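J.: Residue strings, one per chain:
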Amino acid sequence: MKPKTLWYFGRETGYGLWRNGWMTLASVSTVAISLFVLAFFIVLSVNLNHVAGVLESEVEVRVFIHQHVPRPRELKLMNQAKHWPEVRQISFFTKAQAAHQLQSEFPDQKDLLQLIDQSNPLFDGFDVYTRKPTQIAQVVRKFRASPLIQSVVYEGVVAKRINRLTQVVRVVGWGIEALLALATLSIVSNTIRLAVFARRREIGVMKLVGATDWFIRWPFVMEGVVLGLVGAATADVSVNYGYRWAIHAAVTAMPFWPVAPLSLVLQHTVWVTVATGLFIGALGSLVAVRRFLRV
Amino acid sequence: MIRLEQVDKRYGNGHVALSGVNLVIRRGEFVFVVGPSGSGKSSLIRLLYREELPSSGDVYIDQFHLTRMRRSQVPRLRRQLGVVFQDVKLLPQRTVYQNVAFAMEVLGASSREIQKRVPAVLELVGLARRKDSFPHQLSGGEQQRVGIARALINNPVYLIADEPTGNLDPDTASDIMRLFLEINRRGATVIMATHARDLVNQVQRRVIAIDHGRVVRDELKGAYGHEA
Ligand SMILES: Nc1ncnc2c1ncn2[C@@H]1O[C@H](COP(=O)(O)OP(=O)(O)O)[C@@H](O)[C@H]1O
Ligand SMILES: [Mg+2]
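Taken in order, these protein sequences are the chains called X and A.
One point on numbering: in the working numbering, the residue at position 276 of the first sequence is 276, and numbering is uninterrupted.
In the working numbering, each number is its position in the second sequence, counted from 1, plus 295.
If we strip away everything but chain A, and leave its shape as in the complex, we get:
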């Protein structure tokens, strides 16, 4: 379970990105975080994987108290999370397979585990046939699938995505959205920041709307809404 209590986020330049945010996200949920550009979606996402700490308030994820935990514990938190970005952040000199395997390798997985799991996850995201391609040889949608495969490879409890379809055309975006739904169906909790109105409206899941750093709406089976 993810829980935010009275979270404020103020950046060094005095800019207030979030204020008074209270949220509970249970395991297994699929949650959209929507809002116009600059409303604070990315700031919220960065708090979840402890890239940033809130200026005040508390963040909890399962047994982790993010605002109190020691730095040395952060890797343990991150192993429970998979994170996907708009700009994917693939390693350009490595193939699809190597990009995904890398995420297992650096957690000390054995070659046997890696050889077993990577093809399975590439199969899930539909990239089994492109495993030896390099990132620059892939379309935007394919690159994002690699990013998703990498986020999934260590079996995270939570899959956190910041505008994963932001750079994609509508058809590709809708394919990627289906992939997230499939992942959620298989048990992962998905939290996705997006401003893809049509996609959100299509799938009828929980929608948390943010505006000027405040949660202005939180609906199960929601729609993108008019305020964005």
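Looking at chain X on its own, in the form it has when it is part of the complex:
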């Protein structure tokens, strides 16, 4: 494309957006709000994934062995379990170690510590890590089948529930987003339609002297794309500041909650909002100019 032509398109685009000031503002805001909502659901789902991920990596199956079982039989069971395909890692702890861990976790619980010192009521056992969270149930079943095992404790249920919640959030998010996208598409398209209407005389002259359809369309398509991209940028800036604030609030209110870091969130939101903004802008303007520009 000749620089002269490019300059012409740029000028026409800017002029069109400027002349439709309020409508431009309205559609940029709509695009921004809709993309912000999209980003919100992404942020939610990124965070749920993050929590689930953190939980999964920390999840262990804790297996306690009956008090009367002698040490060699305990170790034999551990060596068997080490070869189960689901097991990634397994380690043995004695009831003394368990007591020690309790003491360091709850140094202020005087009564508890005294009780442990006098007669350790805890068990020997294993910490077991599976290769995949979905294998936890299987491993639990296998351990429970052994007569040596007193009890099995695991946190897989929580991880599973969070995964299910993530799926729900995604489905709801996409549903809401689809509706918003339609609304956004329609306002972008109407903005461009106004711009086309404002320039109907020019368009008439252009057609008459033999300008090609695409030459006539380009400035309008670019207007739509600019609307979409400015809207996306606005949404991203809001997400950036909003999420900083949310992290701050979360850290104060729930210090142990694993919040996904800002960079991780932006990694997911920025390209989706920009791509969606671009798509909605271009599609909205194409819809708008399609009918008008038939020769």
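Be careful, since some hints might not be right.
[What the hints assert, rightly or not] Covered, in the sense of this in silico footprint (three residues per stretch, anywhere, with C-beta under 8 angstroms from a C-beta of chain A), are these stretches of chain X:
| id | stretch |
| --- | --- |
| 1 | 3–12 |
| 2 | 196–206 |
[Stated by the list, open to error] When the alpha-carbon atoms are kept at most 20 angstroms apart in a straight line, the in silico DMTMM-like pairs for lysine to aspartate or glutamate are as follows:
| id | chain 1 | residue 1 | chain 2 | residue 2 |
| --- | --- | --- | --- | --- |
| 3 | X | Lys95 | X | Glu60 |
| 4 | X | Lys82 | X | Glu60 |
| 5 | A | Lys384 | X | Glu202 |
| 6 | X | Lys4 | X | Asp213 |
| 7 | A | Lys426 | A | Glu408 |
| 8 | X | Lys142 | X | Asp117 |
| 9 | X | Lys4 | X | Glu202 |
| 10 | X | Lys4 | A | Glu400 |
| 11 | X | Lys142 | X | Asp127 |
| 12 | X | Lys4 | A | Glu408 |
| 13 | X | Lys132 | X | Glu86 |
| 14 | A | Lys426 | X | Glu202 |
No wet-lab data here; the hints were simulated from the structure.
No experiment lies behind these values; they were computed from the predicted model shown.
Cβ coordinates follow ideal geometry from the N, Cα and C atoms, glycine included.
Since chain X is already given, all that's left is putting chain A with the ligands on it; use the hints.
T.: What follows is chain A with the ligands alone, placed relative to chain X:
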């Protein structure tokens, strides 16, 4: 060369505007299309720049077969034509110069070409001194000159005009007519729909008379005639 073969034009409401029109117009000719109001002059003109398609029959202009060509080819046809209307259709927010330059700009002409050609054409139509005026600051005759300059700016082979003097007083109309003659003398083919009887009779050029959508007379060096 422009050629119409057995052209009928029926509008959506069933109104028959043209029927059985056969015509040949050669390059370099000056042709009047005359006839009373509602006889089908504008309908004929609109077929020529492919604003409308005939209901049946064929229209050819040079290598273009208007009734068969693809839509994407229409711009190429239109670049061979200059079209002038009774209501000029100028862009009110642009100056005389900008109105004319616009028609070059949207075909991708370079600034240098534009700066060279626009003043020359404004000179030809006698508006060089008014190039920075806006349309509302011009008289009807001056506005029509801008319209003609715009139609000429891309060097059309055919200049097509639908009642270009319709809104003008007789003296101004006669000036505009002289301008068309000058343009024709410089090589453009001119096709002008009009019902300005005196002007047609003055200049003694080919006259195609239409009545109720039919060509009722086609004379070289004709006059307006009695049927209109
Ligand atoms: N777009 C249209 N739709 C329906 N009827 C039309 C249209 N344009 C013209 N006509 C009819 O066709 C006939 C010829 O009109 P027109 O070509 O404008 O004649 P002229 O230009 O000689 O006055 C008239 O009866 C007019 O009412
Ligand atoms: Mg007419």
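J.: The structure should be examined with respect to each hint, and the outcome stated for every one.
T.: So, going through the hints one by one against the coordinates:
A count of 3 residues in the stretch 3–12 of chain X with a Cβ less than 8 angstroms from any Cβ of chain A is obtained; the coverage claim is therefore met, three being the minimum. A count of 5 residues in the stretch 196–206 of chain X with a Cβ less than 8 angstroms from any Cβ of chain A is obtained; the coverage claim is therefore met, three being the minimum. This hinted pair checks out: lysine 95 of chain X and glutamate 60 of chain X have alpha carbons roughly 17 angstroms apart, not beyond 20 angstroms. A distance of roughly 14 angstroms separates the Cα atoms of lysine 82 of chain X and glutamate 60 of chain X; the hinted pair therefore holds under the 20 angstroms criterion.
Annotation: proposed proximity of lysine 384 of chain A to glutamate 202 of chain X holds, straight-line Cα distance about 9 angstroms (limit 20 angstroms). Of the supplied pair hints, the one linking lysine 4 of chain X and aspartate 213 of chain X holds, its CA atoms being roughly 18 angstroms apart against a limit of 20 angstroms. About 17 angstroms separates the Cα atoms of lysine 426 of chain A and glutamate 408 of chain A, which keeps this hinted pair within 20 angstroms; it holds. At roughly 33 angstroms between alpha-carbon atoms, lysine 142 of chain X and aspartate 117 of chain X are farther apart than 20 angstroms, so this suggested pair is violated.
For the hint pairing lysine 4 of chain X with glutamate 202 of chain X, the CA-to-CA distance comes to about 19 angstroms; that is within 20 angstroms, so the pair holds. Taking the CA atoms of lysine 4 of chain X and glutamate 400 of chain A, the gap is near 9 angstroms; set against the 20 angstroms cutoff, the hint holds. Between lysine 142 of chain X and aspartate 127 of chain X the alpha-carbon distance is near 14 angstroms, which keeps this suggested pair within the 20 angstroms criterion. With a C-alpha separation of about 12 angstroms, the suggested pairing of lysine 4 of chain X with glutamate 408 of chain A holds against the 20 angstroms cut-off.
This hinted pair checks out: lysine 132 of chain X and glutamate 86 of chain X have alpha carbons roughly 8 angstroms apart, not beyond 20 angstroms. For the hint linking lysine 426 of chain A to glutamate 202 of chain X, the alpha-carbon distance of about 19 angstroms falls within 20 angstroms, and the restraint holds.
Of the hints listed earlier, the one the structure fails to meet is number 8.
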